[in-house]
Each structure stands twice: as structure tokens, then as C-alpha cells.
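Engineer: Each chain, written out:
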Amino acid sequence: MQFMLLFSRQGKLRLQKWYVPLSDKERKKISRDLVQTILARKPKMCSFLEWRDLKIVYKRYASLYFCCAVEDQDNELITLEIIHRYVELLDKYFGSVCELDIIFNFEKAYFILDEFLLGGEAQETSKKNVLKAIEQADLLQEVHSEAEAPRSVLEEIGLT
Amino acid sequence: MALKIVKGSIDRMFDKNLQDLVRGIRNHKEDEAKYISTCIDEIKQELKQDNIAVKANAVCKLTYLQMLGYDVSWAAFNIVEVMSSSKFTYKRIGYLAASQCFHENTDVIMLTTNQIRKDLSSPNQYDTGVALTGLSCFVTPDLARDLANDIMTLMSHTKPYIRKKAVLIMYKVFLKYPESLRPAFPRLKEKLEDPDPGVQSAAVNVICELARRNPKNYLSLAPLFFKLMTSSTNNWVLIKIIKLFGALTPLEPRLGKKLIEPLTNLIHSTSAMSLLYECVNTVIAGQYSCSVGSVCLRISVVKYLGLLAMSKILKTHPKSVQSHKDLILQCLDDKDESIRLRALDLLYGMVSKKNLMEIVKKLMIHVDKAEGTTYRDELLTKIIDICSQSNYQYITNFEWYISILVELTRLEGTRHGHLIASQMLDVAIRVKAIRAFAVAQMATLLDNAHLLTGNMQRNGICEVLYAAAWICGEFSEHLENPVQTLEAMLRPKVATLPGHIQAVYVQNAAKLFATILKNQEGNTDSTAAQETSQLMIDRLPLFVQSANLEVQERASCILQLVKYIQKLQQKDVEVAEEVSALFAGELNPVAPKAQKKVPVPEGLDLDAWINEPPSESESEDEQPKAIFTKEEPKHSRPRHTEVDEKELARRREARKQEQANNPFYIKASPSSQKVYQETPGVEHIPVVQIDLSVPLKVPGLPMSDQYVKLEEERRQKERAEKKKKEKKKRKEKRSGRGKKHDSGPESEEDITPAHVVDIVTEEMPENALPSDDDDKDPNDPHKVCDIQGNLQDGSQVVVSVIFENKSDSFLKSMEFNVLDSLNSKLQRPEGSGPHDGLTVPFQLPPGVSNEARFVFTVQSIVMPQKLKGTLTFIVKDSSTHEKLDFKLHFTCTSYLITTPCYSDAFAKLLESGDLKSSSVRLEGVNMPFHHLLARICFHHHFSVVERIDSCASMYSRSIQGHHVCLLVKTSGQTVSIDAKCDEPTLLGNVLDEIKQTFSQC
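So the protein lines, in turn, are chains E and F. For the first sequence, full-length UniProt numbering assigns the number 1 to the initial residue and increments by one for each residue that follows. For the second sequence, full-length UniProt numbering assigns the number 1 to the initial residue and increments by one for each residue that follows.
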């Protein structure tokens, strides 16, 4: 997979993940192009389209479009499956996910994606394992922040 | 100082966090840009503080802004700071920001190497995980080089969580730093059998991706993958494996056979559409035997894909598809129209002389049943296409074809009347023997015209009447009852037909009239003739009143003519001769080269302008006189600059192609061409006829079925005769075989694979270089082959050369020339001298590469050849001629073709005793045995016949049919190769080359 984009019906980018090194300028151009192309498509149209030398696989969930770019010989159906799996993961994590969840917790959405895909390849096909990894990492983070927050302030003031 | 810290901490409480920022942006819809710029200012302030929590928060906000399209590259260093925080919370944010914002050119990446290394070896698996994830997004060649070892260690980490991440990221590392592949590969291979399914699937992923880029190196893993494929139940993994096999099968044909069974099983058993799709896709891409395709056909969902697969297979293995004819015909019954259309496409390619009638018969049944005019029209055009393809190649019985056409006219509401009509005309004109039959059929059609024209308005079918009338008129001498036909053509109802058809009716009524007169004048009784004239005179006035100009003009002309004839008849003057003279002369089809044979009349210059085209640039003010005064002839210089030979050849080829597709052209047979060469003149325009045996005439409106039976009988007879002949032939073949090894009965299956011929460039000026490829590291995933020789029959080698323009200027007028040796010669177009260069058929803009092919004739292949050559070209800007020298190195290996050989055949070959033997020892070869074999297969075009432990037999064949057999044994670091070949010199050279390959590594 080359990259993944999430954007709203209004064309606002909600999440982007690039697995190929591109300059900011190129990234912007590509995402602008794709958002326009996909938003112009009618609901009944095919979820796959050929774009430059890539295949674009997209799917709309509620008001969000999930869009992946894969190489020519890649399997479109499994890409669709990946999108769906990611949505399921978000859903499990946030509990019936909505667009706002992703907007306000966008770093979490990235963390989940990173546990699921790595370098554009699926790294973990088990939903349970992905969520477990995220939970434990979050736990680690909370342990840190709960213990640290008050202490660090005090530390800084020099009271301990 | 303390105060400052306190102040910072208190301030922090009022800092926006990410949620505040998002909310703020949403609340400032109108002046978003302004709001964000104040936010960025705040963030800049926050980043200046020492508190890492504040910084992390700022970086987190920046990451969000980056997604919105704001430039945050200025904060790269701060991101690195947050990354290196010891706390997971901040580290996580730092790495996320880095993975989103960094790219290859971000210079601070260099600073991160040590930090990442530290994180990779952190005792906390999530620290390591986060570092790996981040690295996967921004790994650069430098990072890859520096960290490859650390990651490789992680591949054997105790935690599967880390292992799988490490395995996956190795792929990115390989891409950036290919040298790491070789040391890491054994470990990667180990991971294929990791106890954790996640790690296993990661390893499969990586190897599949690598193999797709360069499948040859992974052939040796096929058995392992085969095992995985049959044992794994994880669809994600299966898809990857099947994809991998798709890449491998073209290299190892035997794999295809082995895969049929598991693939068929999967297709049958899986419920996952994506897996099914992948299986079928692989079937399509690979050249699997047709049985898999037919399996697909049985499953309705993928019928479409199955048909698609079949059409691919059809191109390479037409025979295997034909055995599934019934299955394909069944698809015509499918509900889905696109499936039916696909099936039709397939049928088009499947027909042969034998099955044409049967297939068309089935199609005719479908035509009757078909609902919806579009599909029916599609069927109709397909029937006609199928029958008329390649100049009616498959039609053995034209009476049958005419009757099919007549049956098609009974279709209601088709738009393709003109198509049927043109077929009727074409066949009737070109197949002389069929004319009598065709005329009889057409007469019946004309007689029953009312059946066709029932619904005139939306009916295109009346077009066939055009053809019918014309055929009846033109070939009226074949009519049984011309008067009746004449009568039919002059019915008042004809006036309702479209104008152009009426016109043909009128004209051909006149032709008929002439024929009738001729027949009747011999009789003593002249009343019959006069009655016919009267009939004409009575009926024609109807057409004279026609609103259509053409009809009116013809009708009134003919009416006057008939009136005059009547007058003469009343005086008992014989007129028939003169009347038929009006329509004398036979219409013949014209051969494609006919125009060329007509000599250009003297004094006619075809290239000169008839009227000088007005030149645009001339302005009247400057040269007012030029228009009137006689200008010196501008066109004295021949306008038609000589088109070079190649261009001409190309055009000729294109024209031939076009003509081949045009049913109105018949290719002249070479013999007739020669006869007429010296006797130009219109009357000698070569005419070609389709010579065919036509069986007994069947009167009346025939049913095409009859012909199928007749044809079968005829064929049975022929078959019996053929068998006798074949036996004879076989005998001859056996005796004629001699030395040449017969690869099998079907020559079509003799596919010669591409072979690498090395090119060695000596001097390398800065301009264009035919880029060379000396170091062929088989593990390099981005290998580019530059020059490939493709060996054709015994003496020709096609070398494809890739020209790459590495300079900054535009290159044109490239000429490729090689100094011929006695043994190898560059093939040049006829008429050019032995030292002429070949024009490269393209120009090269800077940075572009393109490929051209050159054919070499090689006499002896037992010795390696080196040819010197030069490439001359013009640099556009400076328009200077440049020269580039190169050497073409034809190794003996390049004359070998990978030819599979079965062990029993191999044993026989060795037993035969015709082969001379030789052997070679290689010392200090330090690589696994299967790598060694793969290397020989890859570099020297051998195939493994059999392998037992550390011993393997290999086989290859030269383009001139020399067998080369190897027995490779290894013990420790010593490899001994015993070889046999029927040409000792060739063998010696091949062995030397093998030796060289291994001395390089």
C-alpha cells in the first residue's frame, strides 16, 4: 500500500498516512486530486479506480471516506478488507466510532493504524491482538501521566 | 530561576491542548487562517520552554496542523527533542509527529540515528514498537544502513510483537539499502516457519513483495511456500502466497501443473471473495492449463473472470480452450448480459473449419431465443464476424453461409440489415461457384419481400433487398424464372422502400429486362418479349414520379429506352444484343495491389500540386506583384523528399494490415502477381477468386442444418484420405529427424525465453550511455536488465538494447552500427551496404530510456563472440555529431535456452553415448547448494532435472539443438561439475563461463 487517506464528505482531510517518501508538496497535490475525484463519484459507482499508475480503493463509512492507494498488481478486495478491518478496530476502540472521535483523538487513530499496518503491509490480522497492544500501550501512557503529572509540577517548582 | 519555572508551570495550565485547538478551529470557521496563525505563534512560544510536557503538547498540535496542510518543517528539531524523551507518552507523540512530518530530505533525521538505536534496544517492548513504526515511515538509506544490524537482531526478539514489526520493516530497509538483503535473508526465511502466525504472515508479506520485484531469486523457496499454501488457513497469507506463485510460474512452468490442484480446491472451497479473486487472477496471469479456467466457469460469481481467463489462454493455447466449447456455449444462456457477451468474444477466437457450423448453429438457436434487440444485434454481428473473419477462412461451404444470411433476414427489428446485405454482396461477387445458388435465394427473398418490409419504419432489414435486387440483376443469367423476379421487382409496393433501394431496383430491373429479351428473342413467338416490354412500360411510370432524384432519373431514362425498344420490337428488329451490351462486362473484385499495376500516364506528375496551395506567411503588402507575375517555380525542388526505406516498409506493413482486415480486398496470390508484372494495363488487373468446392445445389429456401449434415459426410471422406497421407508423412519425419532433437509434436509450444547478452561499454563519455549492467547481484530487488538477446531459430539472435539518455540534452538521429565478424552479422534491411548503420527508430529526451531491437545472424555458436560497435547521435542543442563506442559480448551461455527435461529423457540422452564429456572444479564456493543451483539456472539458462541431496543434474539446449547436461556435486566448499555435450567446444566455453560466474562472488 502506498498511502491511506481519510477525508470527510466536505473534502476535509481527517487522517493521512504515507508509506512512500514524498515531499509535502506532492502529498498535498495527490490528496487534493484524489479527494476531488472521489467526491465527484456517485454512490453506485465502483469502489476501485485507476489513478495514474496506482489503483485507488475507497469506501465510505457514514460521512467519512477511507481511501487507499495500492499498486497495480495488488488485490483490491483485500484492500477493501483492510479498510473494513481498520474501521472495525476504530469502532471497537472508541465504541461506535464517529467522525468527531477521529478528529479529536486523531493521534489515537494513528496509533491504532500503526499497530494494524506497518510500512503499508498488514502486520497483525487478529483484531484482538491489535487492540491488546493498543490497550497496553495506553495503560503505559496513563501510568506515566497520572503518576507524573502532579509530581512533575511539584518537582519543577522544587518542592520535592 | 525557580520563579521562572513556577511561572512556566502555571502558564502551562492555560495552554491549549489538542482538543482545545481542534475545537477552536471548528469555532473559527470564518477566519480559520488567522486563528491558526495565532495558534502557531503560541506553539512557537511553547516550544521555547524547557518543559518536555509542554513541548510534546505543542508537537502534537503541530502534527494536527500539518495534516491540515500547514508547513511545520521548522519544528523538526523540536520533534526530535520530544522523540528522545524518556517517557513513553511523549516518545509516542514524538515518533508520530516524525512519521507524519519527516521525509527523506529532512536533515535532522541524521541526528536521530543514535536515539532510534537506543529505543530499539529498550527493555520496554512498546518503546521498541513505537520506534519501529516511526522508522517505517521515514527510513532513509543512511538510517537503513546504520540500523540494519539492530533490526536484524530484533527479528529474533523473544516477543512476537517486536518480531513481526522487525520483519516487516526489513522490507523497507531492503528497499533503501539493498546490500542488507543478503545477510538478512536466511533469518527472514526462518521466520516463514515462526510459531507465531503474525510473524509468519509478516515474513510471507515481505518475501512476496521482494519476489514480485525479482521473482527469479525466490524460485528455490517454492516448495516451502507450497507447503504453507496447502496448510495455511489465513486468507491474508494465502492471498500473498498465491500472488507470489503468480510471479514464479512464468519462470518455472512445472509449478503451474503442481498448483492446479490446490488452486482448484481453494476456488471450490473458499467463501472469501478476495481469495477467490486472487486465485482466478493468478490463473489469468499465469498460463495455467484450461482446466482451472473451466473450474471458474462453473462458479457463477467468477464466471466473468473465468471467461476472461479463457480468452487469455486462448491466445497461447487455443486447443485447450476448444475442449471447453460446450461450457462456453452454456454461458450464452447466462442471465447476465456481460457474461454472454464475453462468451461470444471467446467463441470468435475459438472457431475453426471443423466447428464453425456447429457453433453458428448454436448461435442461431440463441438468436431465436434472445430477448432484447441489443443482445440479438450483438449476436448477429458476432455470427457474421465469426464467419467472415480472415477472409472467410473457416467457411467450407458457402451455400450454408448464404442460407444462414437468409435466415438472419427473418430477424425482427435488427439494425444490421446493411451488414447482412454487404455480406451477401461480398460472397456473391467473390465466390463464383455460389452465384447460381445465391441468385435463387435472392429471387425468393425478393418474392417474399413483403415479409421483410412489414414494419418499414424501424426496420433496417430491408437493406438486404438492396443486395438481393442487385445480385438478381447482375447475375440474372442464373435466374430460373426471370420474368417472375422482374415482376416482383416492379411491384407497386416497392415504392415504399427507401430511395436508394428503389434506385437499385430500377436499375436492376433493366438488367433483368435485357436478360429476358435475350432469352425470348430466340423463340419464334415474339409476343412474350413484347409482353415483357409492356410490363416495364406499365410499371416504370410509378418510379418516374418518385420524389427521390436518383430513382426518378434512372426510371425515366430506362422508361424511354424501353419505349424505344418496344418500337423496334414492333418492327421485328432484333434488339437483345444491343440491350444486353448496355450491361456487358463482368464486375470483378479488385486485388489490393491493383492500383499499383496501373501505369502512371506520361506527363502526369502525381507529386506536383494541381493548384499551388496559398502560402500563409506571404503578406500582400510586401509582395503584391507575386500573385500576378510569374514566380520562379517554387516546386521545382521535389517536394516529396525521399522517404527512407524503413518508413516505407512500415507504411506498407500498416496498409497490409488494414487490407487484411478489409473484406473487400483479396490478397493477390504471388504467382498471379509475377505473371502480370510486366504487362501493365487495366485489363490485366489481377483478380483472385476464392476457389472452393461447393456441393450439390439444394433448391428452395434452405435450412442451414442440412448443410451441417452434408458437410459432415464430406469431411468423413476427407478424413479417411487424410489419414493415409498422414501416415506417410510420419514416416518421412522420422527418417528426417536426424540429429535435431524433436521437442514435441507442436511447434507452437516451443517458446524461447529471453536471454541475457552482456554489453560491455568501454569508454564512457558524459553524454548518452547505453547503460550497462555489469554487476548482476541476484539479490538486488531493483535489477534492470539492459541488453537482452532473444534467440529465435537456429541462427538468429535478437538483441534488445536499452538506450538511456543520462545527459541533459535532447538526442536525435541515433544510428546503431556494429562491425560484423565472419560469424556474426547485424541484419540490415535489404539494399543497404554491409557497413551501414541502422537508424534507431526514436529520439531521446533527457533522462528518458527506450528500447530498440536488432537482429543478428550467427553462424557458429560454439565460441563466445565480441562485436565492436558504435552509436552515433546528434545532440540537439549543439547539433554536433557524437560517437559512442561499445562492445557487444555474446557469451556461449546466451545461446542456451532453458529447456525443461524429464529425468527419463535425460537418462536416455546420457546413455546414447553421443556426448563428449568434460569437467570443472570450483574451489571456495561458499553458498548453500540451492543458491548455487539457482545461480546456474539464472545466469546460464539451465533447468534442474533432478536433485538428490548435494548432487543435481541439470539440462539446457542451445539454439542449434546441442544438448548440454551437467552433473553438479558439492562437498564442503568444493563444487565439481561434470558436463556432457555433443559439441566439446561449446561445452568448454559454457563451463568457463560458469567458472567465471562463481569466481566473481
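Be aware that one or more of the hints could be misleading.
As the list claims (entries may be wrong) - Think about it this way: if two alpha-carbon atoms lie no more than 27 angstroms apart in a straight line, the pair counts; the simulated DSSO-like pairs of lysine-lysine are:
#, chain 1, residue 1, chain 2, residue 2
1, F, Lys563, F, Lys596
2, E, Lys108, F, Lys335
3, F, Lys16, E, Lys132
4, F, Lys159, E, Lys132
5, F, Lys369, E, Lys17
6, F, Lys176, E, Lys17
7, F, Lys571, E, Lys17
8, F, Lys159, E, Lys28
9, F, Lys216, E, Lys17
10, E, Lys92, F, Lys216
11, E, Lys128, E, Lys12
12, E, Lys108, F, Lys369
13, F, Lys571, E, Lys55
14, F, Lys887, F, Lys969
15, F, Lys567, F, Lys596
16, F, Lys34, E, Lys42
17, E, Lys29, F, Lys29
18, E, Lys128, F, Lys159
19, E, Lys108, F, Lys325
20, E, Lys25, F, Lys335
21, F, Lys44, E, Lys12
22, E, Lys55, F, Lys29
23, F, Lys876, E, Lys28
24, F, Lys596, F, Lys518
25, E, Lys25, F, Lys325
26, F, Lys887, E, Lys12
27, E, Lys127, F, Lys176
28, E, Lys12, F, Lys868
29, F, Lys325, E, Lys17
30, E, Lys28, F, Lys29
31, F, Lys189, F, Lys176
32, E, Lys12, F, Lys518
33, E, Lys25, F, Lys176
34, F, Lys353, E, Lys29
35, F, Lys44, E, Lys25
36, F, Lys995, E, Lys132
37, E, Lys55, E, Lys127
38, E, Lys108, F, Lys118
39, F, Lys189, E, Lys127
40, E, Lys28, F, Lys335
Keep in mind that the hints were calculated from the coordinates and are not lab data.
Engineer: Each hint should be assessed against the structure and marked as holding or not.
Structural biologist: Hints, verified against the model:
1. The straight-line distance between the Cα atoms of lysine 563 of chain F and lysine 596 of chain F is roughly 44 angstroms, outside the 27 angstroms bound, and the hint therefore fails.
2. Proximity of lysine 108 of chain E to lysine 335 of chain F is assessed by CA-CA distance (about 48 angstroms); at most 27 angstroms being required, the pair is judged violated.
3. This hinted pair does not check out: lysine 16 of chain F and lysine 132 of chain E have alpha carbons roughly 30 angstroms apart, beyond 27 angstroms.
4. Only pairs whose Cα atoms come within 27 angstroms are accepted, and lysine 159 of chain F paired with lysine 132 of chain E is accepted, the gap being roughly 14 angstroms.
5. With a C-alpha separation of about 55 angstroms, the suggested pair lysine 369 of chain F and lysine 17 of chain E falls outside the 27 angstroms cut-off, and the hint is violated.
6. Distance hint between lysine 176 of chain F and lysine 17 of chain E is fulfilled; the C-alpha atoms sit about 19 angstroms from each other, no more than 27 angstroms.
7. Taking the CA atoms of lysine 571 of chain F and lysine 17 of chain E, the gap is about 102 angstroms. The hint is violated against a cut of 27 angstroms.
8. Under the criterion of a C-alpha separation no larger than 27 angstroms, the hint pairing lysine 159 of chain F with lysine 28 of chain E is inconsistent with the structure, at around 38 angstroms.
9. Of the pairs offered as hints, the one joining lysine 216 of chain F and lysine 17 of chain E is violated, with about 32 angstroms between alpha carbons and a cut-off of 27 angstroms exceeded.
10. Pair hint lysine 92 of chain E plus lysine 216 of chain F does not hold up; C-alpha atoms about 43 angstroms apart against a cutoff of 27 angstroms.
11. As the CA atoms of lysine 128 of chain E and lysine 12 of chain E are separated by approximately 31 angstroms, the hinted pair breaks the 27 angstroms bound.
12. The straight-line distance between the Cα atoms of lysine 108 of chain E and lysine 369 of chain F is roughly 61 angstroms, outside the 27 angstroms bound, and the hint therefore fails.
13. A C-alpha spacing of about 86 angstroms is found between lysine 571 of chain F and lysine 55 of chain E, which places the hinted pair above 27 angstroms, so the restraint is violated.
14. For the suggested pair lysine 887 of chain F and lysine 969 of chain F, the alpha carbons sit about 35 angstroms apart, so the restraint of at most 27 angstroms is broken.
15. Between lysine 567 of chain F and lysine 596 of chain F the CA atoms are separated by roughly 47 angstroms; this puts the pair beyond 27 angstroms, and the hint is violated.
16. Between lysine 34 of chain F and lysine 42 of chain E the CA atoms are separated by roughly 35 angstroms; this puts the pair beyond 27 angstroms, and the hint is violated.
17. This hinted pair checks out: lysine 29 of chain E and lysine 29 of chain F have alpha carbons roughly 23 angstroms apart, not beyond 27 angstroms.
18. With a CA separation close to 17 angstroms, the supplied pair lysine 128 of chain E and lysine 159 of chain F stays within the 27 angstroms bound.
19. Restraint check: the Cα-Cα separation between lysine 108 of chain E and lysine 325 of chain F comes to about 57 angstroms, which exceeds 27 angstroms; the hinted pair is violated.
20. Straight-line distance between C-alpha atoms of lysine 25 of chain E and lysine 335 of chain F comes to about 49 angstroms, which puts the hinted pair past the 27 angstroms bound.
21. Pair hint lysine 44 of chain F plus lysine 12 of chain E holds up; C-alpha atoms about 25 angstroms apart against a cutoff of 27 angstroms.
22. Restraint check for lysine 55 of chain E and lysine 29 of chain F: the C-alpha separation of about 34 angstroms exceeds 27 angstroms, so the hint is violated.
23. A hinted pair counts as satisfied when its Cα atoms are at most 27 angstroms apart, and lysine 876 of chain F with lysine 28 of chain E does not qualify at roughly 36 angstroms.
24. This hinted pair does not check out: lysine 596 of chain F and lysine 518 of chain F have alpha carbons roughly 38 angstroms apart, beyond 27 angstroms.
25. Simply put, lysine 25 of chain E and lysine 325 of chain F have alpha-carbon atoms about 55 angstroms apart, too far for the 27 angstroms limit, and the pair is violated.
26. Between lysine 887 of chain F and lysine 12 of chain E, the direct Cα distance comes to roughly 58 angstroms. Violation of the 27 angstroms bound is thereby established for this hinted pair.
27. At roughly 31 angstroms between alpha-carbon atoms, lysine 127 of chain E and lysine 176 of chain F are farther apart than 27 angstroms, so this suggested pair is violated.
28. About 61 angstroms separates the Cα atoms of lysine 12 of chain E and lysine 868 of chain F, which puts this hinted pair outside 27 angstroms; it is violated.
29. Between lysine 325 of chain F and lysine 17 of chain E the alpha-carbon distance is near 49 angstroms, which puts this suggested pair outside the 27 angstroms criterion.
30. As the CA atoms of lysine 28 of chain E and lysine 29 of chain F are separated by approximately 21 angstroms, the hinted pair is consistent with the 27 angstroms bound.
31. A distance of roughly 20 angstroms separates the Cα atoms of lysine 189 of chain F and lysine 176 of chain F; the hinted pair therefore holds under the 27 angstroms criterion.
32. With a CA separation close to 88 angstroms, the supplied pair lysine 12 of chain E and lysine 518 of chain F exceeds the 27 angstroms bound.
33. Between lysine 25 of chain E and lysine 176 of chain F the alpha-carbon distance is near 22 angstroms, which keeps this suggested pair within the 27 angstroms criterion.
34. The hinted pair formed by lysine 353 of chain F and lysine 29 of chain E fails the criterion: a straight-line CA distance of about 57 angstroms is larger than 27 angstroms.
35. At roughly 23 angstroms between alpha-carbon atoms, lysine 44 of chain F and lysine 25 of chain E fall within 27 angstroms of each other, so this suggested pair holds.
36. Taken as a hint, the lysine 995 of chain F and lysine 132 of chain E pair is broken in the structure, with Cα atoms around 55 angstroms apart against an allowance of 27 angstroms.
37. Taken as a hint, the lysine 55 of chain E and lysine 127 of chain E pair is honoured in the structure, with Cα atoms around 26 angstroms apart against an allowance of 27 angstroms.
38. Taken as a hint, the lysine 108 of chain E and lysine 118 of chain F pair is honoured in the structure, with Cα atoms around 24 angstroms apart against an allowance of 27 angstroms.
39. Simply put, lysine 189 of chain F and lysine 127 of chain E have alpha-carbon atoms about 26 angstroms apart, close enough for the 27 angstroms limit, and the pair holds.
40. Under the criterion of a C-alpha separation no larger than 27 angstroms, the hint pairing lysine 28 of chain E with lysine 335 of chain F is inconsistent with the structure, at around 46 angstroms.
Checked against the numbered hints above, the structure breaks hints 1, 2, 3, 5, 7, 8, 9, 10, 11, 12, 13, 14, 15, 16, 19, 20, 22, 23, 24, 25, 26, 27, 28, 29, 32, 34, 36, 40 and satisfies the rest.
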